[in-house]
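Undergrad: Sequence:
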Amino acid sequence: MDRSHFTTHDSVAYIWKGLSLPEDVLSSLELPVDAECLPSSFKIDVLAQSTIAASALAAALYWSTRHSEATPRVIVPSEHACVEFMSERLYTLDGQSASPPWGPIGGLHKVSDGFVRIHDSFPNHRQNALQILGLGPDASRDEVAKELMNWRAIELETQASQSGAVIAAQRSFEEWDALPQAKAIPDFPILMGKVAQLEPHSSTPPMADNKCLKGVRVVEMSRVIAAPVAGKTLAAHGADVIWITSPSLPDLPDLDIDLSRGKRTVQLDIQKAKDKATLLELLSTADVFIQSYRPGSLAAKGLSVEDLLKVNPNLIVASLNAYGPEGPWCQHRGFDSLVQACSGLNVAEAQSYGGATGIIAALFKRATEGDIYEVKVSLAGVMKYLRSLGRREVKSGFSRKNFKESRDVEGYLESRETAFGILKAIKHAAKIENAAIGWENMPKPLGAYVAAEVVEHTAEAGYAAYVVSKPTLPLKVTFTRIATATGDSSAPRLTGRRSLARSNHTVTVIGNKAYIFGGSTASNFLASNDVHVVTLEHSGKPEMDYSMIPALSTSESEQTPPARLNHAACEFHGNVAVYGGNDSADGLIDEKSSLWLFSPERKTWDILQPSKGDVGTGDIGPGPRRNAHLFANNQYVMLFGGIDGSGDNASDLWQFDVAGRYWTQLPTAPVATSNASLSNGQLWLISGNDPVSSQLHHMSIDASSEERKWESFTFPTNPIAPGPRARHGGALLPITTGWGRNYLVYFLGARDEPPSATSSTNAEDPKHSDEVTQFSDTWALQIPSSDLEAKPSMTLKNAINPAKIKDAIRSALGADTGHLSWAEAVV
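Residue numbering for the sequence shown is 236 to 1062, as defined by our numbering.
Treat the hints with caution; some may be incorrect.
List time: in silico EDC-like cross-link candidates among lysine to aspartate or glutamate, alpha-carbon distance up to 16 Å [said to hold, decoys possible]:
1. K666 with E649
2. K944 with D887
3. K600 with E434
4. K429 with D606
5. K545 with E516
6. K666 with E265
7. K838 with E793
8. K636 with E271
9. K429 with E604
10. K827 with D879
11. K345 with E378
12. K429 with E541
13. K536 with D510
14. K748 with E806
15. K659 with D329
16. K662 with E649
17. K659 with D643
18. K536 with D504
19. K345 with E382
20. K838 with E806
21. K381 with D348
22. K748 with E836
23. K711 with E1059
24. K659 with E640
25. K827 with D841
26. K662 with D643
27. K662 with E652
28. K679 with D486
Hint data in this document are derived by calculation from the structure and do not stem from the laboratory.
Based on the sequences and whatever the hints tell you, model everything.
TA: Dropping the structure here:
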């Protein structure tokens, strides 16, 4: 079909009518042409503006349908659309532009009878190409060029398709049109086929839904540009997009940073039964599944459209591939650069927005008709559509405005903080009246989210769809060395001249700063009573921000805490609270149960001296002690255990009312231990000296005095059952995930007893051996979730703890909640 007379609005209308969407909605669309962009004789600017506009208009239509309101106005300026077509090339990270994704041998090459294009972004494709050419893995581009002259273009293309390489012969349009594959490509760029008929169904609109696709869940399994941009487009309109990649396949970090905007990334190896089951669990909660596998690949793994509809009858499946669903090339590997070589055109981004348009059209039809559609879009199909739009004269086409680097597009950039640094990237080109557009989740390393946590569906607008089939264990833990004072190049250096090498000190984290106080130096002298401050967040700089704050007092008495070690510290309302410790190797500091507070804002110390003792006991407070634990909530500072003046391990628990300046003794713990943690109002202790079991103790601090009581139970440990062996000096830290799931993470520590002469050795897992004296393992204990305090400004999502709701459903079904279960963390 000849569409050379189409304007941009004609192109949108043609696609819109072809998808059988309501034509009156087209009047809501505005398409200002504010510049002539993208040098080409082909009308790529028309394709850019029309495909982005169609996807945005579909999002507006879906929103209006859910809310029974008129379709809001949609505006897509032409220059912004053209810039967004190049977004993966125009971002900067900490001021540095992205590196080209191509490898050392990729691109266009001359062969004996023409040209071929080699795709080598992924190492496996590069090595397969080199093997075909009979070259080693480190062959140079010149060596490749020399060997290619022994090949004919079509012969090499055919051999590559059979050998796992990705190589395409460059063809003219006439040569392409003569191929059977060209004839198999449909004329309309977006294919939709009905696969099921149900009752009309849409995702319930959430409260305060200012994004058109809020409440829609998308699971995406894809790799390069086309399908990831489709998912990114849906995320810009508010969809919850979960991008699944394989841990066994190589990635393209520079591309992934742009393509992962708006998404949560999970890694699954669907060759493994457990990970395949997790994928199906995710799909059971999804509205849309986007995949870019070759036709038939997922079906061979038991994941055909028919298989997926058995898991979730409401699921819309969208497939994006290179050469279309039919024809002799339908299962060929293909990327945008190869389709360009075969056909002469670069159209990956248009395939992306076309896919997004088809997906939202399918959501609309599901909501209004009950029909479930499969959506199919191919690079070759979009290429065919672009060719039908006609060409401009070469001179005028190639004189159009181009964008080569981020400084050319400053007005279209947004700056966001990510796990990789400060990202300046292209904003979405569409604007929808009274609707927010943009990406909430910022890029993190692939696999940054644990799949089992992602399975939990958002609780909003009075509905909850929770998956309750299994507990959410194990936890993934990452240890990062944030800084060094020794000049080690593996971590940023600390600026400043004072060495922080010390032991028996405290580190209190408040916001993004760590406050280091006390301890003994490497020469076993007491460190000064200055406070050392390290800024934890940085942007890949070689040096960490560091400062030293001299000890100053707020009061007229100019009292400051003496130098000390083995003291206790915690954060209390943005201040560092400090108690007790030693003033030498053996001497305890006796400050009459006083508490010190350091204000980072004022950079001064205050001493809080208790004004009266605990009613009924006459005690003024816990007295001098070292190696105690200090915790705090909104009102109180609490002190547990430690070693008192008689040298005994204490198990008493005290609470200091900061406003009233007095201590109250709480129920004494059943055991003295060095492993304690406060999490959501519960004080947790771990103790034990049995080689195959330990004890867990907990008590609610927030309960009334009559209801406060300790509860204890014994759990088996390695090698009898999964669990941390008895130890002292370990770290016990509370962790709460974004969905309200609570854990205690327990790691490091030393054996309480030396190994016996008959101790056994576990050669397969030495860290669990009986001969270990210092533990290096890390464990996570899942503990019950607690309610979040509801506030008037909160959305329902924030006011309800999804983990607690999920656990309640599990309990009602008699399913395992996973509470008080140990699992060794994935480190």
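Undergrad: Compare the structure with each hint and give your call.
TA: Evaluation of the provided hints:
With a CA separation close to 15 Å, the supplied pair K666 and E649 stays within the 16 Å bound. Simply put, K944 and D887 have alpha-carbon atoms about 13 Å apart, close enough for the 16 Å limit, and the pair holds. Between the alpha carbons of K600 and E434 the distance comes to roughly 11 Å, so the proposed pair stays at or under 16 Å and holds. Between K429 and D606 the CA atoms are separated by roughly 6 Å; this keeps the pair inside 16 Å, and the hint holds.
Only pairs whose Cα atoms come within 16 Å are accepted, and K545 paired with E516 is accepted, the gap being roughly 12 Å. The hinted pair formed by K666 and E265 meets the criterion: a straight-line CA distance of about 10 Å does not exceed 16 Å. Among the hinted pairs, K838 with E793 is consistent with the structure: their alpha-carbon atoms are about 13 Å apart, no more than 16 Å. At roughly 6 Å between alpha-carbon atoms, K636 and E271 fall within 16 Å of each other, so this suggested pair holds.
Proposed proximity of K429 and E604 is supported: the alpha carbons are some 11 Å apart, at most 16 Å. For the given pair, K827 sits about 13 Å from D879 by alpha-carbon distance, which is consistent with the 16 Å threshold. A hinted pair counts as satisfied when its Cα atoms are at most 16 Å apart, and K345 with E378 qualifies at roughly 13 Å. Proximity of K429 to E541 is assessed by CA-CA distance (about 12 Å); at most 16 Å being required, the pair is judged to hold.
In summary, the hint linking K536 to D510 is supported, as the alpha carbons are separated by about 12 Å, within the 16 Å threshold. For a cut-off of 16 Å, the pair hint linking K748 to E806 stands: about 12 Å separates their Cα positions. Simply put, K659 and D329 have alpha-carbon atoms about 8 Å apart, close enough for the 16 Å limit, and the pair holds. At most 16 Å may separate the alpha-carbon atoms for a hinted pair to count; K662 and E649 meet this at roughly 6 Å.
The hinted pair formed by K659 and D643 meets the criterion: a straight-line CA distance of about 13 Å does not exceed 16 Å. Taking the CA atoms of K536 and D504, the gap is about 12 Å. The hint holds against a cut of 16 Å. The hinted pair formed by K345 and E382 meets the criterion: a straight-line CA distance of about 10 Å does not exceed 16 Å. For a cut-off of 16 Å, the pair hint linking K838 to E806 stands: about 15 Å separates their Cα positions.
At roughly 14 Å between alpha-carbon atoms, K381 and D348 fall within 16 Å of each other, so this suggested pair holds. Using a Cα cut-off of 16 Å, the hinted pair K748 and E836 holds, with the two alpha carbons roughly 12 Å apart. A C-alpha spacing of about 9 Å is found between K711 and E1059, which places the hinted pair at or below 16 Å, so the restraint holds. Between K659 and E640 the CA atoms are separated by roughly 12 Å; this keeps the pair inside 16 Å, and the hint holds.
Using a Cα cut-off of 16 Å, the hinted pair K827 and D841 holds, with the two alpha carbons roughly 15 Å apart. Proposed proximity of K662 and D643 is supported: the alpha carbons are some 14 Å apart, at most 16 Å. Distance check on the hinted pair: K662 and E652 sit about 14 Å apart at the alpha-carbon level, within 16 Å; holds. With a C-alpha separation of about 13 Å, the suggested pairing of K679 with D486 holds against the 16 Å cut-off.
When the structure is compared with the earlier hints, no violation turns up for any of them.
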